[in-house]
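4 protein chains.
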Amino acid sequence: MIRASVMGAAGYLGGELLRLLLGHPGVEIGQAVSTRFPGRRVDSVHPNLRAQTDLVFSAPDELVRCDVLFTATPHRATMTLLPRVREKAGTVIDLSGDFRLPDPSVYERYYGVPHTATELLDVFVPGVPELFRDELAKADLISVPGCMATAAVLALRPLAGLVGPDVQIDARTGSSGSGALAGDGNLHAERSGAMRVFAPVRHRHEAEVSRLTGFDARMTATGVEAVRGVQVVCHATGDADERTVRRAYREHYGGEPFVRIVAHRRGAHRLPDPKLLSGSNYCDVGFAVDGDRITAIAALDNLVKGGAGAAVQCLNVRTGQSETLGLGFPGLHPL
Amino acid sequence: MIRASVMGAAGYLGGELLRLLLGHPGVEIGQAVSTRFPGRRVDSVHPNLRAQTDLVFSAPDELVRCDVLFTATPHRATMTLLPRVREKAGTVIDLSGDFRLPDPSVYERYYGVPHTATELLDVFVPGVPELFRDELAKADLISVPGCMATAAVLALRPLAGLVGPDVQIDARTGSSGSGALAGDGNLHAERSGAMRVFAPVRHRHEAEVSRLTGFDARMTATGVEAVRGVQVVCHATGDADERTVRRAYREHYGGEPFVRIVAHRRGAHRLPDPKLLSGSNYCDVGFAVDGDRITAIAALDNLVKGGAGAAVQCLNVRTGQSETLGLGFPGLHPL
Amino acid sequence: MIRASVMGAAGYLGGELLRLLLGHPGVEIGQAVSTRFPGRRVDSVHPNLRAQTDLVFSAPDELVRCDVLFTATPHRATMTLLPRVREKAGTVIDLSGDFRLPDPSVYERYYGVPHTATELLDVFVPGVPELFRDELAKADLISVPGCMATAAVLALRPLAGLVGPDVQIDARTGSSGSGALAGDGNLHAERSGAMRVFAPVRHRHEAEVSRLTGFDARMTATGVEAVRGVQVVCHATGDADERTVRRAYREHYGGEPFVRIVAHRRGAHRLPDPKLLSGSNYCDVGFAVDGDRITAIAALDNLVKGGAGAAVQCLNVRTGQSETLGLGFPGLHPL
Amino acid sequence: MIRASVMGAAGYLGGELLRLLLGHPGVEIGQAVSTRFPGRRVDSVHPNLRAQTDLVFSAPDELVRCDVLFTATPHRATMTLLPRVREKAGTVIDLSGDFRLPDPSVYERYYGVPHTATELLDVFVPGVPELFRDELAKADLISVPGCMATAAVLALRPLAGLVGPDVQIDARTGSSGSGALAGDGNLHAERSGAMRVFAPVRHRHEAEVSRLTGFDARMTATGVEAVRGVQVVCHATGDADERTVRRAYREHYGGEPFVRIVAHRRGAHRLPDPKLLSGSNYCDVGFAVDGDRITAIAALDNLVKGGAGAAVQCLNVRTGQSETLGLGFPGLHPL
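Chains as they are written, first to last, in full-length UniProt numbering: chain A, 1 to 335; chain B, 1 to 335; chain C, 1 to 335; chain D, 1 to 335.
Don't read these hints as lab results, they were simulated from the structure. None of the values given here were measured: they were computed from a predicted structure. Where a beta carbon is used, it is the ideal one built from N, C-alpha and C, also for glycine. Warning: the hint list may mix true and false statements.
Interface residues of chain A toward chain B, partial, derived using beta-carbon atoms under 8 Å [claimed, not checked]:
1) 52
2) 54
3) 175
4) 176
5) 183
6) 189
7) 191
8) 227
So the derived label-pair ranges between C-beta atoms look like this [claimed, not checked]:
9) 113(C) - 39(D): 29 to 35 Å
10) 184(B) - 242(A): 25 to 31 Å
11) 161(C) - 162(B): 29 to 35 Å
12) 184(A) - 134(C): 25 to 31 Å
13) 123(D) - 257(A): 58 to 64 Å
14) 88(D) - 251(B): 31 to 37 Å
15) 250(A) - 108(D): 52 to 58 Å
16) 184(A) - 135(B): 49 to 55 Å
Every beta carbon over 10 Å from chain D, so not counted as near; a handful from chain C, in silico [to be verified]:
17) 24
18) 174
19) 175
20) 227
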């Protein structure tokens, strides 16, 4: 039985980690750490966990040793925090943005502050089993990519060699990506029904996509009406016809447990839509070809395959368990 | 030309007052007063007013004299504020809860604090032209009822004498009623898609309904997925058959410019639904009879007929203008 | 291993039955029967089942014997269908409205047609384990109540003896209750954001509530913005204080695996909200007391505890398996 | 007083035309023609027009002469219909797709059928006053562009000469663009919360954009959760810096009554969002620059500036009235 603890356990990613770990037959939860709510019941913050657990949040300084430690803590703060807690666990799986970009100058360009733990930057293995399964099996430091980055990476990876280097990514996201802290912009009356282009250019996840795919990726990001869910539509140029493209996707993902190819000719569900994926660990990928333009599409639940689910998948790989353990929920239709 | 100013102009009711007044041919706006944003452009807070006005928010201590002053300021604070600004205008139209209940003990029961301007309490005329048109025509102090109260009062008024004294009101509301200040509960990810019974018993608007209708009203209130819109479903018991009930509604509202009777036998739009009423000053009322049980239904836009629109309607009555001036927008379908 | 088949498998309840049965360790699916789509893959209609199954829909005349047969077929048609397929399975669990009301005159009053299989009417055991666990353990014919009826029955049952006989129920529901067939009224542009009182009086589920609780129940039903989810707010009158009421709920539901008491003093999640319950088999129940008025509230996912989940729970009880098998999904937050 | 009639008056665009014309001080409505509902009251189909009009739908063969005839009739059917009704009015303003593309081979490529009224194709003036004001002032045949085309054309027009010829357009749309006829894909339970890429490549509006801007436009279109509203995000490449781009927009739109430049540095409303524009005739345009990449954004209400509002604006231009007459509604916030 693996003992796993969660820092940042009161946030949305933290809550999703707790949900998945509580349903995981090979894991027992050590601690759920929260700076805001130490001493409070976990289910008072995550009401979907009522009757699932009597767990109470621990304060950060109460953290004790465990096998796997998840840090679902804020960007910019995690680079200070992580070196301090690293010795508490054999494996640390970080869900923040702080260890995703190995080049500190790139980090600074996208996060606006210098990195303060540069010595760790190139030790982390990206939490994408589809690309780094072997490395993850022995990694002690794992960094789960951003939700839109994971979607775009899985959409684009099969196109390497088939299209030119420039890709334009249009990402759309629900509101849960902004986290559980209230601000004027995510007030319901303001955010409901919005199509808010919050990053017209240079969304920071583009840097991760470029690094993990080799493409020169540009990303625009828009908040649309949804709580969960991310979709990316990626535009590239190349000579490959539809058959070639389909073959490339099949070769990459034919054996993957959590990537489905969704590229049908007709029907309301012919291409990836995150609406189907709430709570599930699938990333659906699809594509369409029009002459020399190739559109690649991916969808996932930002809190699951785009965060907590990918992290648990990494735990499974790292600890030698079945990769799908605890991740069997298929999603709901309709929802 | 009537000169009207708005206090609390940065809130949602304040913004709606400004929208209506900017489109009103008989009014010019004096000042838009805000404690939070003095010196900022009004359209930086109310982006739907871009290209409508170059108005800038004034600080409260910059308030100068005007003909009509609207106070769209918070409950509990307004009872202190209003006596101080009363002399700034010939007529004050208050949209807060502080002058709706003439009995200070009732106020204290529902608002949790003692009233500090009790001498004014029974001077205010309720801002319901359908009930108090003559009084409003000469009123210097007007108090617009709560949005759910207005809906329930208009739904129930025709039933006086036809049903027994006890009425149970089930009110549903969108999120804009909570105002423009962010809090954990109205974060989009929390509030979206919710059915949140925030007042299982004793919603404070029930006291206004009892006062204005003579019924003994009990009100439950639930937040449902919507930004604008209030609907009340009122349950009463009596002997009246459907024809009698319909006649009563016709007698009350046949000549009313802003109350429509919506009680059809079939169709998706057979009964009042606030979805049709966003931006409009209508209150739609309807009913159904089943033996001795009578269900009365009303819907309105909480920010218009449930607030700013009713206030402008009162201004029209008070200043002797056509009652519908500036209030002609009929609502959108579909939306 | 229990062999279970589903008739009406292309509908929303049918799809949810398939999802639950595919994840059930003690069941194998025999056939998924559909009159509309025989020969088509199940996942072309229920896209959340992609990669879960290669099952293909069977035509009704291809139905073969199984252990448990679920009929998720339309009201009025099922009373003709069921007698014909009854011999195909040891146990038939019906999710239609046709065998919920033992009195044929009540059926005719609420469904508008005479019942044509009256000889079966009083053989069916209601699919509410919380009330009929012992009978269900040996029942060959089981009828799952309507979604709003189950919610109201579970909300009201503990109040028997504590309040008077008259209860008024305000039910709210998402759009999936209307089924998977398109009509003008459930077009997205019409239904989105609506508060549609589709049954101002005499919703047919009230007859089930009266029968199963002994109360004289009246039900109003409103469609609100949601796909899944039902909430009922029930108004009753009595002398019991809050402590007595809480004790009654605890006595009834202390040992129930799928009923949670949610009645807190504060917080956005203080009372039952179906938003938390999508995909889960919980029915959350809560209450509030104001003098002699008692408000009881319940929430559930209409397709799970209000339909397919309750049916699987009944299968578990009937076949002597653990009652919670295959029903472990706790729901998502936020969603 | 201009006498205007509407064919296709029972559709969503038809309803919006009626709403705008009823509020237009210089127009009286002649007939509202519907094939589906002749003889029925207009407000039974467009419930927001209750108390606005007693108009009844006419059958198509009852059409009599008027000054301006709007054809809000289906694609592919209108090319047959229009030549037959052309003589009924001095000016015909068509809202269908049939007369937007002057080259019949392009029409056939995008609409899948040969054009049957090719002699009319190059007589129509595009209904974009911002580009064709002088021509519209004397046009007898006007063709209003597609909603996404209008948005993209207004977003891109100022960039001509500043960026290269290739533009990639990512369009997002609400559900009302699919019209008022129910189908499986626009059932609420299916469409709600969706991110549905219904045109991954080659959305037909791209042909209009290419024609009206001179760019080589490619368009992807996605249905997102909204009833009204279209947003386009256009990607282009060029050397212009932000100041140059801003100047170009100002030069084009400084005097335009219905185009606002929304390109701020911060805030939830810094870029165009259709959420603010429901019911209004504004097209908001904005942009951002990142090195050699330029992102242009536009938002509008597909039924107003993307259809009925643009058509009324054309009527105003054509009949020599003030261009803004009847189009004063500014939109709502919050909504």
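Structure-based check of each hint:
1. 52: With a minimum Cβ separation of about 19 Å from chain B (threshold 8 Å), the hint on residue 52(A) is violated.
2. 54: 23 Å, violated
3. 175: Status holds, d = 4 Å.
4. 176: 5 Å, holds
5. 183: 6 Å, holds
6. 189: Result: holds, 5 Å to nearest chain B Cβ.
7. 191: 4 Å, holds
8. 227: 5 Å, holds
9. 113(C) - 39(D): 29 to 35 Å: 31 Å, holds
10. 184(B) - 242(A): 25 to 31 Å: 48 Å, violated
11. 161(C) - 162(B): 29 to 35 Å: The hinted range 29 to 35 Å holds for residue 161(C) and residue 162(B), with Cβ atoms some 33 Å apart.
12. 184(A) - 134(C): 25 to 31 Å: Hint violated: Cβ distance 56 Å, outside 25 to 31 Å.
13. 123(D) - 257(A): 58 to 64 Å: Given a distance of about 59 Å, which is inside 58 to 64 Å, the answer is holds.
14. 88(D) - 251(B): 31 to 37 Å: 45 Å, violated
15. 250(A) - 108(D): 52 to 58 Å: With Cβ atoms ~34 Å apart, the hint is violated.
16. 184(A) - 135(B): 49 to 55 Å: 40 Å, violated
17. 24: 24 Å, holds
18. 174: For residue 174(C), whose nearest Cβ neighbour in chain D is about 8 Å away, the distance does not exceed 10 Å, so it is violated.
19. 175: 4 Å, violated
20. 227: Given a closest Cβ separation of 5 Å, the condition is violated.
Taken one by one, the earlier hints fail for this structure at numbers 1, 2, 10, 12, 14, 15, 16, 18, 19 and 20, listed in ascending order.
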